[in-house]
Amino acid sequence: MLREGKIGVFEAISVITFMSATKVLYSSSRALVEASGTSGWLTTIVSGVTALAGFYFIILLMSRFPGQELVSVFETVFGRFAGIIFSLLMSVFFLLNSAMFAREFIEAVKVYAYPLSPPSFLLVIFILAIITVLYFGFECVARTAALFAWPMLAGLAVIVILAVPLYEMSNLYPVLGHGPACIIKTGLLRSSVYGDALALAVVINSLQGSEHFKKSGVTAIILSTAIIATGFLIYNLSFPYYIASESTIPLYALTRSIEYGRFFQRFEAIFLFVWSISGILASAINLYFALSTYSKVFRIDDHRALILPQTVIIFSVSLIPLDISSIAYEHVNHIRQYGSAIYFGIPLLALLVAVIRGIRGEQAGA
Amino acid sequence: MRKKTALLSLLLLLLPAAGCYDRREPDEIAYVVAIGLDKGVTDRLRLSLQIVRMADESGARGMPGGGGQDTSPGDEPIIVTLDCPSLFTGMNMANSSISRKFNLMHAKLIIFSEELARSDDFEKQISGLMRYIEIRRIMHILVTRGKAEDFIRENKTLIGKNPPKTMQMLTDSSALTGMIPDANLFNFYNDFKSTFQRPIAILAGLNTFENLKNPGRGEIQESTSGGNYLAGELPRKGYLKRELLGTAVFNGTEMIGELNGTETRALAMIRGEFKRGFYTIKDPLKPDYLVSLEVFPARKPYVKVDLRGETPEIFVKIRLEGDLLAVQSAENYEKPDMKPVLEQAFESEIKSQVDSLVAKCQKEFKSDIFGLGRSVASKFLTIEDWERYRWHEKFPGATVNTEVDFIIRRTGLILKPSPLVTDGGVHK
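In the order they appear, the protein sequences are chains W and H. Be aware that the first sequence starts at 1, since it is given in the numbering used here, and climbs by one per residue. Be aware that the second sequence starts at 1, since it is given in the numbering used here, and climbs by one per residue.
Note that these hints are calculated values from the structure, not bench results. Built from N, CA and C at the ideal position, the CB exists for glycine as well. Be careful, since some hints might not be right.
Listed next, the stretches of chain W that the computed footprint assigns to chain H, with coverage defined by at least 3 CB atoms under 8 Å from CB atoms of chain H [as the list claims (entries may be wrong)]:
no. : region
1   : 120-134
2   : 141-150
3   : 237-246
Just chain W, with the same shape it has in the complex:
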């Protein structure tokens, strides 16, 4: 049995928030601005509320099976074979997320910071950092996330404050963007942005009971929604809607535009710090959940044996997209739009099957 150690609520919230909120620092936020115009911040709140509803079903599912983590729940509900399929599907999805974070990061670094460095060189450095974090296990991953949580929040807060002179209220007009129907539809479709809270169910035994699971998940979704909505709000405040959808990395473009006289310019250095730490952590955390799910499916006791093979897979998968356009317009966009099926669809299906067939966990039935 995989020994993952114990973590507290703050660590759990940090882990999920890094997985979810980091997305606002990447290209997918541009796609949301394009889809929703001036109402990106409203749309992502709809996504957050939808994710909270989805997480409620995950809570219901897990409360039927106390003491069991998600992989084991799937096996109990669907049977060993189908359970493995669903669990592996989840594992692959985490892996895909990790690979796309890595590739998006590398492409963005190529565009904004290191144009002459080969992508594979940058990727190797990125992956070495991931391996280092993962080697020491889930506790190390969670504590690293908790350690960087406050500096990251502080970094974002600095950007929010420094960008104040760029804010123009009229950039938020017309306030409903492409209309209420678009806000709701796009918000529902992109609720997967906050679906990462599902990952807590994979490591639920590392939390201090089901109350901590609920508290961590709900708080992380609310916190991530607040961070992402703030990101969109300041971006929408700074750029009119017809320009906002142009930037490859919207928040990077915002920090590049900040200036305070002759001496205080080029604040993107702060963004680079927030961006790289968040990117590495988000990718590492996703990869850990891929490893954890895989290890639990195949009853592997030590996740370290899988780190190297999985990072080789990450390296290869992240180099599959030909260019930044296919990453932004296709791969990442598809992950955001259809990710809800994995994050909320499978647990909801498991809950329905469990309720209909009257399946409960051993401890719950005792």
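Take the given structure of chain W and dock chain H to it, following the hints.
Okay, now just chain H, sitting in the frame of chain W:
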């Protein structure tokens, strides 16, 4: 031992993380401080790059080129001009004579010739600029009356030895005088594609010093604003020919007109960008005398929109405050019952400037450079409804009413001037 080796390996990883492929020594780079773009003769574009001088390895002021190939004499700015298809290819072509790699990260000014700004090619140039990482949107955008190449050749540093600082301070005068707009690439590009408003740029020019008439040939202007000139027309002489004064107005993707310094101040007041400026008006009680004021914005302008009628109705209230600088007549405008006389005179002067500018932009330019469309957009709930309204077509027919509110806050070092004395020694 294993832990130490692991730690050492991790520390070694920091070295490539510093970006060895992208490493560039500062003295391997030619830093461009100003970019000039004209219509080309043998190719689409005539590109002029002004490069900053750097100290060489021995500490002496040297040239960015190696082996003396790039040298130019004295303190003249280093300028490369060539015809090329685009800015980017142009930089590569310029590298045939300059050994350093050009870098635009510290460019402060981008200067378009009026000929280029008034042509269809301008749109292509602006759209093609914004994608490149080294083009920083905080650089200022200028349109020069005449050739950009000529402007760059006269873009010298008179005080101090720091061209980037000079360039930056040049455009900072927007906040000091209000006679040029604070037009950087960020704002220009936002307005360039805007459904709310039209873009503006700083108007530049070269002064030939011929406008400073010799005694006996001049004619005193009726206006006292001091800003009724366009760049290059100021009656002055001495040292630098370069001049920034006024605004280049765009309608859609082309330049369509110019505003002088006074109009630019009125524009800044409506846009809420006016910071401060010295004003001189005729003394309301003794028109042969002048009164000078330093004026600041009291609050952001208030804009109210009514779309119920056939044409949009817009009400703009400009709120200013100021200090007395000089009263030639020695009238006691400091007294509470006299202050309103001067305040109303100033309000009326500014209102007439603002109204005349609004009329010019509606009738002549047909271009909302005030950003009034931003307030109109607040009346719409969705982008589709707003874009269907077609604000740019509605603006020329809109009814724009203005009001100016001005209060004198301070009276300088004098609170009650004593009267002037006549030839006979009697107080006037």
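To see whether the hints hold, each was checked on the structure:
1. Remark: the region 120-134 of chain W is confirmed as covered by chain H, as 5 of its residues place a Cβ nearer than 8 Å to a Cβ of that chain, reaching the required three.
2. Beta-carbon proximity to chain H at under 8 Å applies to 0 residues in the region 141-150 of chain W; the threshold of 3 is not reached and the given coverage is violated.
3. Only residues whose C-beta sits within less than 8 Å of a C-beta in chain H count toward coverage, and the region 237-246 of chain W has 6 of them, enough to reach three; the restraint holds.
Of the numbered hints given earlier, the model fails hint 2 alone.
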